[in-house]
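Undergrad: Using the sequences and the hints given, assemble the complete structure.
The listed protein sequences correspond, in order, to chains A and B.
Numbering-wise (this note's numbering), the first sequence opens with residue 1 and increments by one.
Numbering-wise (this note's numbering), the second sequence opens with residue 1 and increments by one.
Simulated from the structure, these hints should not be mistaken for lab results.
Nothing false has been slipped in among the hints.
When the alpha-carbon atoms are kept at most 20 Å apart in a straight line, the in silico DMTMM-like pairs for lysine to aspartate or glutamate are as follows:
#1 A:Lys111 x A:Glu126
#2 B:Lys100 x B:Asp111
#3 A:Lys143 x A:Asp120
#4 A:Lys145 x A:Glu123
#5 A:Lys234 x A:Asp26
#6 A:Lys143 x A:Glu126
#7 B:Lys99 x A:Glu55
#8 B:Lys100 x A:Glu55
#9 A:Lys93 x B:Glu170
#10 A:Lys225 x A:Asp246
#11 A:Lys225 x A:Glu63
#12 A:Lys111 x B:Glu170
Which chain B residues face chain A? A few, computed with CB under 10 Å, are given here:
#13 Lys99
#14 Ala171
#15 Gly174
#16 Ser178
#17 Ser185
#18 Arg189
Quick partial rundown of chain A residues pointing at chain B, CB under 7 Å, derived from the structure:
#19 Pro58
#20 Val81
#21 Arg84
#22 Arg85
#23 Met89
#24 Asn95
#25 Thr99
#26 Gly109
#27 Leu112
#28 Val166
Model, not experiment: these values are computed from the prediction.
We put the CB at the ideal spot given by N, CA and C, even for glycine.
So you can see what is in the structure, the chains are spelled out below.
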Amino acid sequence: MGVGVQVNQLNAWFGATHAVHEIQMDITANHATAIIGPSGCGKSTFVRCLNRMHETIPNARVEGTVKIGDTHVYGNGTSAVEIRRRVGMVFQKPNPFPTMSVYDNVAAGLKLNGYRSHRDLDEIVERSLRQAALWDEVKDLLKKKSGASLSGGQQQRLCIARALAVEPEVMLMDEPASALDPISTSKIEDLIFELKQNYTIVIVTHNMQQAARVAEFTAFFLSGKLIEFDKTEKIFTNPGDKRTEDYITGRFG
Amino acid sequence: MIQSKYWWRSLQDKLMVGLATGATLVVLVPLVAIFGYLIYKGIGSLDWNFLTKIPKPVGEVGGGMANAIVGSGVILFIASLIGVPMGIGTGVYLAEFGKKRFGYLVRFTADVLNGVPSIVIGIVAWSLVVVTQKHHSALAGGVALGIMMVPIISRSTEEMLLMVPQSLREAAWGLGISQWRTTLSITLRSASSGIITAVMLSFARVAGETAPLMFTTLGNQFWNFNINHETAALPLQIYTYANSPYDDWHRQAWAGALILIILILISMSLVRMAASRGVFKGGN
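TA: If you want it as structure tokens, here you go:
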């Protein structure tokens with residue numbers, strides 16, 4: 001089951017560049033929350049702070065608190081590895097492991113963490129691929145086909161299956177459909193609809209229709225600041241801030 | 001306008017293709033010439049005796065280089081035991097963790113080491129191993145060649161690892177896979193074919209080294225299977241025989257050079273074959 005995410009006074013830097021300012025946000029469990037905003041507004045940096053991916057960049061720095069359920073993400077005793085197991089991530093460009101088969105890609109998160117029971121693995125791989133709506137397309141060639149030989153849309157669904165296999169509680173999606181054609185995009189959107197029954201989903205998107213279609217809540221970012229965060233319906237029909245309105249009506253950005 | 005310039009662009013195109021082809025030929029000709037000449041001079045003396053017998057005393061015709069072939073194998077095995085793990089380990093450090101000052105220092109040292117004349121490396125191994133052990137040995141030669149392998153392998157490993165896209169590391173980290181596991185099972189695996197090439201290049205490079213072996217393994221006219229004793233090695237044997245005044249030894253030196261190249265070719269092909277069958281892709 002998903003858990004909520006509480007963000008408090010979150011700031012992030014790249015060297016001297018202050019990329020994310022004082023974010024305060026309560027992300028509801030088992031719902032989808034969309035993050036929208038123009039390029040370079042800090043959306044990706046923000047979600048990368050939620051699973052401690054931001055700190056992997058040299059000279060990057062984070063301040064403030066993030067709570068996943070009851071766990072302090074930046075707490076003293078918390079390891080980044082543990083957080084990343086609980087907070088899955090799907091990236092903008094599909095990035096399956098090129099040396100591995102479809103099966104091994106999905107099983108990678110478990111196998112490389114020392115999980116060995118093969119019968120369980122088979123089950124988990126099948127379940128994850130079914131959840132990601134990829135099973136029927138790859139079931140005959142699971143161990144023969146390389147992850148890199150799939151089409152772009154299939155690769156992205158493979159990456160989603162791979163993330164699901166480790167059973168995270170929160171799923172971060174950083175523009176998961178921006179490199180895909182409309183058919184693959186709609187498959188991914190259907191998927192998000194299914195997934196949010198069991199996972200908390202945070203999805204960064206450039207596509208406002210997509211935000212409106214999949215997310216209950218929407219946050220609008222501008223220049224590293226959270227301008228408005230409300231029910232999606234409210235953001236798109238009756239935004240409280242002039243800048244949000246300008247952005248969603250296409251007057252800037 | 002565009003039409004009128006077409007002849008000129010097409011000429012430029014042909015010119016460049018011609019130059020590139022010419023450059024390739026210039027590189028190929030000496031390679032083929034060396035190999036061809038080696039076969040021409042050496043094949044006549046290459047027989048079963050040469051591969052199975054040890055050298056005969058001066059004056060007696062016949063004998064072979066079996067002890068040198070085995071000796072070279074032993075020395076190169078020791079060298080690989082030292083050079084490959086150290087080289088790959090250093091390369092991993094440089095690529096994954098070496099962004100700081102110490103990394104620059106290591107990188108610089110490796111580049112300098114790469115340019116140090118092999119005879120100097122031989123002196124180092126001599127003072128480290130021969131002086132301590134108080135006698136020459138295959139071990140000392142292996143250490144010398146192993147040291148030579150390290151900078152070649154480490155710098156190439158670093159280059160190969162840096163070519164692995166960051167997005168793959170992030171994919172692994174995003175699954176909660178620890179850093180060392182990611183390096184071992186994702187990054188190194190993705191770069192494995194390039195690293196294998198680097199290892200083979202360094203292997204071939206040191207296989208033919210003579211200078212560092214002169215005062216480390218010394219050479220031996222007889223069988224020796226103890227790595228703590230003087231050992232025969234193909235390059236040393238070739239050197240001694242080529243410098244000798246005897247025709248029979250000259251003949252054998254050519255055959256030795258040919259067999260050295262053939263053995264390098266065979267070992268490289270074997271590793272390539274093993275690599276393409278996925279022998280080195282384990283580790284998950």
